[in-house]
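**Student:** Each chain, written out:
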Amino acid sequence: MILEFLAVGIVISACLAIFLDEAVYSVVALTGTFMLTALLYALSGALFAAVFQFAMGVGTLAILFLSGEMLSKKPPKIPKERILSLIAVGVLLSLPILFLSISSQKSAIEISFEDALWHLRAGDVILQGLVVLIVSVGITIFLYERKEKGEK
Amino acid sequence: MDFVVLSLIMLAIGIYGLLTKRDLLKVFVSVELIATAATLNFVMLTPSSNGLGQAFLVLAFATDTAVGALVLALLLIAHKKYGTSDVAEIIKNRTRKKRRRE
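Quick note, the sequences are listed as chains A and B, same order. Once you know that position 108 of the first sequence is 108 in the numbering used here, the rest is easy, because the numbers rise by one and skip nothing. Once you know that position 32 of the second sequence is 32 in the numbering used here, the rest is easy, because the numbers rise by one and skip nothing.
Among the clues, some could well be false.
What the hints assert, rightly or not - Calculated lysine-lysine pairs in the BS3-like style (CA-CA distance at most 27 Å, straight line):
#, chain 1, residue 1, chain 2, residue 2
1, B, Lys98, B, Lys80
2, B, Lys81, A, Lys149
3, A, Lys149, B, Lys80
4, A, Lys80, B, Lys21
What the hints contain is simulated information worked out from the structure, not anything from laboratory work.
Input sequences plus hints: build the corresponding full structure.
**Tutor:** See below:
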């Protein structure tokens, strides 16, 4: 039952994130989506996924909140009717999930997270590390050249 | 199958936002929602004893974060250059500048 409530919460906060006009409120709603998704993962037994989702949610909140605050004008007051109608839309949209009843699936295959990440997907992990390294070297070179130009 | 419905609804909301919203920050929020909808499937379609889904999720997060950083950089550049984050306004300003040059 908790999972169904979480699913409804996710859909409502996703609706609020898209339909609220003010950027800052929209970012807060998006963070709600991330946090509820992390909770959904944790309750489904996927703890690593929950931790990663939570960390990513917090990071995105910090960056988006700053940029939203920086780029948007002073937030206007949102009428209560609008928020209530958005929540109603979210509940309506999440009805199919409630009727289909959420349940986790089971299978006979058991692979641990470490095995999956380091043995099965090791190539991907190494390639992503390489990409991050190249990007960071590129940024360093770009900043160095900019500094050199500034000095000249 | 059940979580696929949740994922589909989130995907639909994200695509709707992507198609209708003109603010770049809203576009970014829509992209994040679509990414969350996609990653939800990785975890929910594999059982908790199977770590493969979570491993895929971690890899997907890395890509998602890179996309997010790129969109935010574009947003900041556009706002600095044109003074707005509205896509329609940016296109208008660009066409005006092009006409002036011609």
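**Student:** Does the alpha-carbon distance linking Lys98 (chain B) and Lys80 (chain B) stay inside the 27 Å limit?
**Tutor:** holds (18 Å)
**Student:** Checking one constraint from the list: CA of Lys80 (chain A) to CA of Lys21 (chain B), max 27 Å. Satisfied?
**Tutor:** Holds. Lys80 (chain A) to Lys21 (chain B) sits at ~22 Å (cutoff 27 Å).
**Student:** Going straight from one Cα to the other, do Lys149 (chain A) and Lys80 (chain B) come out at no more than 27 Å?
**Tutor:** With Cα atoms ~21 Å apart, Lys149 (chain A) and Lys80 (chain B) stay inside 27 Å; holds.
**Student:** Do the alpha carbons of Lys81 (chain B) and Lys149 (chain A) lie within 27 Å of each other, as the hint requires?
**Tutor:** holds (21 Å)
Checked against the numbered hints given earlier, the structure satisfies every one of them.
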